[in-house]
Amino acid sequence: MADDPTIPGAPRLLPLGDAGLSVEFGDDLDPALTARVLALDAALAADPLPGVVETVPTYRALMLHLDPLAADLDVIARRVAALAGRPPPAVPSGRLWRVPVVYGGEFGADLAGLAAARGLTEAAAVALHAAPVYTVAMIGFVPGFSYLAGLDPRLATPRRPVPRPVVPASSVAIGGGQTSIGSIPAPSGWHLIGRTPVRPFLAGRNPPFLFAPGDRIRLVPLPAAAWEALDARAAAGDPVAGTETAAVAGPSGGAA
Amino acid sequence: MLKVIKPGLETSVQDWPGRIGFANQGFPVSGPFDSWSFRLANLLVGNPPGTAGLEAQFLGPTLAFTDDRLIAVTGADMRPTLDGVPLPMWESVAVTAGQVLALGPARSGARAYLAVAGGIATPPMLGSRATFHKAGVGGLGGHALSEGAGLPLGPAPRPGAAPGRRVAPGARPPIGQGKRHEVEAVRGPNDDWIDDAGHATFYGTDWVLTGRSDRTGYRLQGPVLSFAGRARDKPVEHGAQPANIIDQGYPLGAVNLAGDTLIILVQDGPSMGGFINPWTVPYAVFWKLAQARPGDILRFREVGVEEAQALARDLGRKCTPAAIVT
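Residue numbers (my numbering), protein chains in the order written: chain A, 1 to 256; chain B, 1001 to 1326.
Just so you know, the hints here were simulated from the structure itself, not pulled from any lab data. Check the hints yourself; a few may be wrong.
Unchecked claim - Straight line, CA to CA, 20 Å or less: simulated EDC-like cross-link-like pairs of lysine to aspartate or glutamate: (1) B:1179 / B:1083; (2) B:1006 / B:1083; (3) B:1006 / B:1091; (4) B:1234 / B:1191; (5) B:1234 / A:30; (6) B:1288 / B:1206; (7) B:1234 / B:1214; (8) B:1318 / A:30; (9) B:1234 / A:28; (10) B:1003 / B:1206; (11) B:1234 / A:67; (12) B:1179 / B:1214.
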């Protein structure tokens, strides 16, 4: 289960008890690592291995949930090593979403403090946060919680020393060099800078999930006055997040 | 139908293995915490081992049957009675419409299981009937049982299994009144963040299971663990505290070091987060955790991956119809 020295950049395989394996590509928050993780995930989805029950892509590792009665770790290790050597696709395959966000005030209690700590005005911090096209690097912690890769380093801020026991659903937050769109209410030590009416997960909606790892996200600032109507539509099952065709980044999206 | 007269402390519908296929959307597997007892209950009544049944925690429910069914109660001893008469556990029993099954406080262990021939037929959600109340999914309306609720049952198998079927000696989990539990734990995935002294402390300590423990996580009280150099000398993205790491996937059974608190992540636990997981408890021994009570002592025994997988195979063999004798 050691590294294979014959393959440059070969991942580390870390066993997880009796029912899991982590395929770790590196130690950094690096979009190139995440791309390799997503490529391996796609390759395994296209040609499943016996005993691999499901897979969870993360920033720098692909986690495999295994059926210990059916999984052969040596077979999996050989196959993963072969697949991990393939280059990731040059063009992102995911959808591009437009996600409306109300920044600051009661919607983002930590925006003012975070901006001040970074030497920015609130407006400048919002502009920096809404500028990139983010990639959904991974979804987890709680259902639908979406970790976005691509935060401007000027906004990176260490987590709060004391986490909040619960933060509102669909909070948009910054923790270290990461940013996220929350889902259901959950504890958090990240800085709350805004909220979106979008529910990444909504029980009973079809589809219950909106985003997938590898999707891209454009955040669109939304005036607070628009919140109530959009939130009501979202609660009733409207996604209120528009998609754009992958190649065209025009304002063709829906709700925003 | 099963009518809920008293719901108990937190009684939920579960199926096994639980909710599979949505881990990449952040869903935990949920399902029965002591899957050994759960599967045996189903096998006793002639169901496939994963059929939806009930998990009762610490204080069991009181339920009325509206039709004739074969049932079995396994797991923690909650002194079950049928119309006030003690009901044998680990055995299939025929009940008739109108009878009332009552489970009390757990005398030993913590979680009891009820299987009903035909299974609980609440609507599946995301491929499973398992209850995950934090997301309002599964069970009855996404939550544990409530007073007055009615649980629909699936069609009883015909011909059904017979009453009086028992679990073979040695095939059921040894749930006792002991307060010490030896629990297997494998090193990894983040074992290289802990130094040798830290590992020796982990495997050499009587950890106390605290009352802040549930199907999400088991919080342990004990000494402070020492870190390897890489916990402090690391890229800034990993975070400020030694136990911080770039947010990563959490395996089922992760022994998670949340700051300086050890939490074993179990059935309904978070799927990702920014703390290290130096050890993992194999799924095959979750029954020991499920039947431990706050205040009990957990002592970890180091096992390798091969032994952990052997434990899984052994448990798989015990959860087959061969475990049932007539």
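Exercise. Taking 20 Å as the top limit, are the C-alpha atoms of residue 1234 (chain B) and residue 1214 (chain B) close enough?
Worked result: 33 Å, violated
Exercise. Taken at face value, is the distance from the CA of residue 67 (chain A) to the CA of residue 1234 (chain B) at most 20 Å?
Worked result: Violated, at roughly 34 Å.
Exercise. CA of residue 1288 (chain B) to CA of residue 1206 (chain B), is that 20 Å or under?
Worked result: Judged against 20 Å, a Cα distance of about 15 Å means the pair holds.
Exercise. Given the hint that residue 1006 (chain B) pairs with residue 1091 (chain B), does the C-alpha gap stay at or below 20 Å?
Worked result: Given pair residue 1006 (chain B), residue 1091 (chain B) is violated - Cα atoms ~23 Å apart, limit 20 Å.
Exercise. When you check the alpha-carbon spacing of residue 1003 (chain B) and residue 1206 (chain B), does it fall within 20 Å?
Worked result: Not satisfied, since the Cα-Cα distance of roughly 42 Å exceeds 20 Å.
Problem set entry | Satisfaction of hint between residue 1083 (chain B) and residue 1006 (chain B), Cα-Cα up to 20 Å | 14 Å, holds
Problem set entry | 20 Å limit on alpha-carbon distance, applied to hinted pair residue 1179 (chain B) and residue 1214 (chain B) | 18 Å, holds
For this session: With a cut-off of 20 Å on the C-alpha distance, tell me whether residue 1234 (chain B) and residue 30 (chain A) pass.
Result: 15 Å, holds
Exercise. CA of residue 1234 (chain B) to CA of residue 1191 (chain B), is that 20 Å or under?
Worked result: 15 Å, holds
For this session: Compare the distance between the alpha carbons of residue 1234 (chain B) and residue 28 (chain A) with 20 Å, and conclude whether the hinted pair is satisfied.
Result: 10 Å, holds
Problem set entry | Pair hint residue 1318 (chain B) and residue 30 (chain A), alpha-carbon separation not exceeding 20 Å | 45 Å, violated
Problem set entry | Agreement of residue 1179 (chain B) and residue 1083 (chain B) with the hint, judged by alpha carbon distance not exceeding 20 Å | 32 Å, violated
Figure legend: structure checked against the earlier numbered hints; hints not met, in rising order: 1, 3, 7, 8, 10, 11.
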